[in-house]
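**Student:** The residues making up each chain are set out below.
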Amino acid sequence: MIVARTRWSARLVMAALSLCLIGSGMVHASASASSTPNTVLEAVPYQSPFALAVDSHGVVYIVCPRPR
Amino acid sequence: MASSTSYVLDRGSNGDARLLRLPPGARAPRIVPGMDAARGLTVDGAGVLYAIAVDPRYLTLSIVTLYPDGHRRQLPLAGTAVDYATSLAIGPMAIDGHGALYCADGQQVLKIAPNGHVATAPAPLPTRIVGSDAKITGLAVSRAGTLYVTVSSMSSTGEDQAAMLPAGGRPSTIATGLSEAGGIAVDAHGAVYIADSGNDRVVEALPPH
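If you read the protein sequences in the order shown, they are chains C and E. If you count the first sequence from 1, position 64 lands on 63 in numbering that gives the first Met the number 0, and the numbers rise without skipping. If you count the second sequence from 1, position 74 lands on 73 in numbering that gives the first Met the number 0, and the numbers rise without skipping.
Since the hints were derived computationally from the structure, they do not count as laboratory data. A virtual CB, placed ideally from N, CA and C, is assigned to each residue, including glycine. Hints are not guaranteed to be accurate.
[Stated by the list, open to error] A few chain C residues that face chain E, going by a derived Cβ cut-off under 8 Å, partial list only: (1) A42; (2) V59; (3) Y60; (4) I61; (5) V62.
With these hints in hand, go ahead and build the complete structure from the sequences.
**Tutor:** In structure tokens, the structure reads:
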């Protein structure tokens, strides 16, 4: 098991990536009861992440299996 | 997990668990003793850890509080919303800025008062978000008290999704097309992070305002 720490700083680059993902239909914004559409901003590849947390500094902690 | 020290609940296939503690800078975690019955955990801003403990001998559930100095407190859970026999799916936990604990139990979110009384959260998830076979697999709460959940369809054909439940508002979906959705977290600015395990990625979603 690995606990990875990452800062989501390259938002512009990743926003472009997420648009690609949205276009491919892998992850997409969905209709909601609100008049404001929901948006998936970013999608970063990690192998089978299954738990995560974020601290008060915006650091995201990701738990994923150790690569075989 | 917390800002300076990470905690990971490592559950085996037999249901037993071990709580791992990873201080900042450490290369290997250490086992926190006496937490092998834990089902879920969350950490508040002061570094106090809360976990649900299951005791199969006496068919009871309790909340364990572990303070940074090592002091420990255990309080039985009470209330009509919690029952050992039907709470074996109990798991993901979160704590809000006022100290209220939340715990996902299958298809519902429970709110745990400081005295251990358990009640169903005021905004139940509609069936369009949590179907009859679905299960809540991740839970987070913002400073404003909005609950965020990941929902697994528990089927090989259905897709998983993430939803938000504003305090006093209507639940809405914030991400669909997820696969084997795991944990979910929300930061101080309202950005939501989702473990999209089956798609091998972490997704950041922007909820509607």
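**Student:** Which of the listed hints are not met by the structure?
**Tutor:** Failing hints: none at all.
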